Amino acid sequence: MNMIPDFKSIATKSPWIYRINAGSCNGCDVEMATTALIPRYDIERLGCQYCGSPRHADIVLISGPLTTKVMQAALVVFNEIPDPKVTVAVGVCPISGGIFRESYSVKAPIDQYFPVDVNVPGCPPRPQAIIEGVAKAIEIWRERM
Amino acid sequence: MSTQLTTLLAVFLFPGGLFALVLGLSLKGLDRRVAARLQGRIGPPLAQPFFDLVKLGFKRTMVPATASQPVFLGAPLVGVVSMLVAVALVPVSGLYSPDPMLGNLIVLLYLLMVPAIVLMIAGSASTSPYGALGFSREMTLMLAYEAPIVLAVLAVALRTGMGQGGVITFSLTDIIAYQRSHGMFLLDPVMWPALAAFALFFPANLGIIPFDIPEAETEVLEGPLLEYSGPALGLFKVMSALKAVVVLSLGIALFMPLPFDGIWGLVGWLVQLAVLMEIGVTVVRLSMGRMRIDQAFGFFLKWPLLLAIASVVTVTIVA
Amino acid sequence: MNFLQLFAHNLTQGPFTDPFPFQPAPTAKRFRGKIEFDPETCEGCRKCEKVCPAGAIRFTKTDKGLEFDCWHDSCVFCGNCEFHCPTNAIHQTQDWHLAHVQQDKYSMVAHGVIPSHECPSCGKPALFTAAPANKVKGFSEAEIAEFRALCPKCRGKYLRDRKSR
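Protein chains in written order, with this note's numbering: chain A, 1 to 145; chain B, 1 to 319; chain C, 1 to 165.
The hints are simulated quantities; they were obtained by calculation from the structure and are not laboratory data.
Nothing here was measured: the structure is a model prediction, and the numbers come from that model.
Glycine is no exception: its CB is placed at the ideal position from the N, C-alpha and C atoms.
Mixed in with the good hints there might be a few duds.
[As the list claims (entries may be wrong)] With a Cα cut of at most 30 Å, we get these calculated BS3-like pairs of lysine-lysine:
1. A:Lys107 <-> C:Lys50
2. C:Lys47 <-> C:Lys34
3. A:Lys107 <-> C:Lys47
4. A:Lys136 <-> B:Lys237
5. C:Lys34 <-> A:Lys136
6. B:Lys237 <-> A:Lys85
7. A:Lys69 <-> C:Lys105
8. A:Lys85 <-> C:Lys105
9. C:Lys34 <-> A:Lys107
10. C:Lys64 <-> C:Lys105
11. C:Lys153 <-> C:Lys124
12. C:Lys105 <-> A:Lys136
13. C:Lys105 <-> A:Lys8
14. B:Lys237 <-> A:Lys13
15. C:Lys153 <-> C:Lys47
16. C:Lys105 <-> A:Lys13
17. C:Lys153 <-> C:Lys163
18. A:Lys107 <-> A:Lys85
19. C:Lys64 <-> C:Lys157
20. C:Lys105 <-> A:Lys107
21. A:Lys136 <-> C:Lys29
22. B:Lys237 <-> A:Lys8
[Said to hold, decoys possible] So these bits of chain B aren't anywhere near chain C, every CB distance computed over 12 Å:
23. Leu8
24. Met62
25. Leu77
26. Ser97
27. Ala147
28. Gly161
29. Val167
30. Ala177
31. Val190
32. Ala199
33. Glu219
34. Gly230
35. Phe260
36. Val275
37. Asp294
38. Thr314
Generate coordinates for the entire structure from the input sequences, incorporating the hints supplied.
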């Protein structure tokens, strides 16, 4: 039985990341792609991996102010992600609405609909800030496992 | 009784089972690490595939509401078991030769088809449209690469059988023994077409980038694996790790068994596996883009098939 | 065979990855990060509140004085406030360590109070502003302190009296 905490700490070395674009302007998405793909930031070094399917994900990065149209779809995709999962809101749009706040077609802030755990503000946040947010998310994920 | 015991050991301990699993996962880790270095990154630690596997064990398996549960959860098990048996079927030069009762090259070729079939079944059992797409792509690809590989292996079998005075032999142990006494087929110009055909088949069967069309992440969201999560997905990872060992060591057994024994045989074999993994998988997958399914189908029906037929013809003529 | 050259280059020149999570990351000199507010120099003109596109800046009048709040979870780091501020009371720092857990969401605020007090000459509540007074020629230190303590109406009177003196 004593092995289980060890295995858990091993398991937290492999967080797989999934992106949900909830009506983002793509600025944050570009930064997220940069974080993963450009040798300079190399998030794979931390064991992270972007996955194509929500079923494989551990950490969800949500960008965008959650437009009315995309809201239902985003919720469906979010519920497909198996527990334990951690949600990270990337950019100011999902956190507060940013410059789109109080628009008729925007549902921000998203923490009314999603259980957000970590916020990474910025418009867009720089890749290092996203890495920092993911690191915070991994800590939360470890507690949750 | 003792043959059954050795067979069981071969399936579950060495070279199959635990050993092959650790070996396969390490090869995957090496592949990811070297790929990262070739791209100018640092890359994940070597043990990353093990971490992934442990992580998947902690996740919940979700079965889609419309999916057939026994088929959905049984498919990865079938794949893993078939690969466990397949590893035990491939001899290692100077180190391990399987019991002739266990099976021969033909059984091995059958078992090599099972992972693809399992992926197809998994894709269709998940009732996801992406799974269905993956199903059709996997089937198309399999139809394309099965013929060349069978012909290439046939050429090797013919060459060995005729060299030994018979017609054809499907025993991998005999093939290795023949190469150990007559020099490996890698250095034999007559076998080069077969080698080329096998080299082209190899990325398609392992599902790496020019031919990873059924599991394309960016197109069909990992296709058949889309709906899998948790331990079931982990089983698929185990299956593909074992498959990498099977296909690589089959290639080594068919074309380049080392003339060493004992511990040097083991070391040589491991080095061969690692080098093949780097040249055949990492460099290939980093330097190419993904083909469309019609391009891949046309490609396999053109070059590998021609090469394989040529190899069978030359082998027959030379003998 | 361009890619082979590239592979060789990457292998020999080593990885190009920043050691960021384990060591501090390099930040550009003019990086637009966290907002910093200096209540000492602020005039309370509320221009920044007006030009802020994201509505992140808010001034509220309380008993303590005029309170400034910039919520970093809404700020888009455009630099408009810094550009428009007449007294350079608002600055953007190079600090980008803004990732935080959900509990801290509403405490990601740059806060400042321009203190309020009673005008020594008329007794009405006044803000401690008029920082550029030190740029006026001929003002001594004592005069500046005296001037800044007054309410806007009394300041006009003070200046007129000073001129006539």
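Report task. Give me the numbers of the hints this structure contradicts, sorted from smallest to largest. Result -> none
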